[in-house]
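*Asks:* Given chain V, put chain R in place with the hints provided.
Those protein sequence lines, which keep their order, are chains V and R. Numbering-wise (the working numbering), the first sequence opens with residue 1 and increments by one. Numbering-wise (the working numbering), the second sequence opens with residue 1 and increments by one.
Hints may be right or wrong, so weigh each one.
Unchecked claim - Here are the simulated DSS-like pairs of lysine-lysine, each with C-alpha atoms no more than 25 Å apart in a straight line:
hint	chain 1	residue 1	chain 2	residue 2
1	R	22	R	37
2	V	44	R	22
3	R	37	R	113
4	R	68	R	58
5	V	27	V	51
6	V	44	R	42
7	R	68	V	44
8	V	51	V	71
9	R	42	V	27
10	R	22	R	71
11	R	71	R	37
12	R	22	R	42
13	R	37	V	27
14	R	113	R	42
15	R	57	R	68
16	R	57	R	71
17	R	71	R	58
18	R	37	V	44
19	R	71	V	44
20	R	22	R	57
Stated by the list, open to error - Stretch by stretch, here's where chain R covers chain V in the computed footprint (C-beta under 8 Å, at least three residues):
hint	segment
21	44-57
22	105-113
Bear in mind the hints are in silico, worked out from the structure with no lab data behind them. As the structure is a computational prediction, the values presented were derived from the model and not from experiment. We treat Cβ as the ideally placed atom computed from N, Cα and C, and that holds for glycine.
What follows is the residue order along each chain.
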Amino acid sequence: NAGVMQNPRHLVRRRGQEARLRCSPMKGHSHVYWYRQLPEEGLKFMVYLQKENIIDESGMPKERFSAEFPKEGPSILRIQQVVRGDSAAYFCASSPQQGTEAFFGQGTRLTVV
Amino acid sequence: GENVEQHPSTLSVQEGDSAVIKCTYSDSASNYFPWYKQELGKGPQLIIDIRSNVGEKKDQRIAVTLNKTAKHFSLHITETQPEDSAVYFCAASLGQNAGNMLTFGGGTRLMVKP
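Next comes chain V alone, as it looks inside the complex (with noise of 0.2 Å):
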């Protein structure tokens, strides 16, 4: 069973591009969550999805910032525009419908010049 899927693994944008990160939730998962790391700092969750359906996303910025869960594809986070401050890792994450646990991938590390 594979784990939780991220791509790019790593992704450069210059300011003002779009910058599009891909997950693909384990086998049998259908809650995604989308996390932002700053570099020496903890995980600050940005907003969680079922199959097509945004469920909260209380930690997205108002602006700029837009996550989707499509019926069929990968959970796509996606932003337009980029800032220097943008530059993080952004982690996905999923768990089981019954469960708690939630398994993260390894990451996509954006990084804006």
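*Replies:* Below, chain R alone, put in the same frame as chain V:
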């Protein structure tokens, strides 16, 4: 919202010694407390968790204790080995009924010296 404080931020121990990391949380409704180990360049890995109806849980060299009254929980690693060196994060959650979003502590960098 929930706030989780973690101490110490760095911890250096000799191989074979014990390591203890402590966390406090603010929301008395939190009922799920996982611990994650993060190695350089990797994602957090769940190593042990505890729910609020249990005071202590042990898995080989790792144990976690929970004091609901004081709102703090601790990670204990015995007989530390160099491969235990990593950053450890505690977290708290309101559980499945509230979506299970995790609030993380700031992390503890554990260094085990051979």
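*Asks:* Of all the hints numbered above, which does this structure not satisfy? Sort the numbers upward.
*Replies:* none
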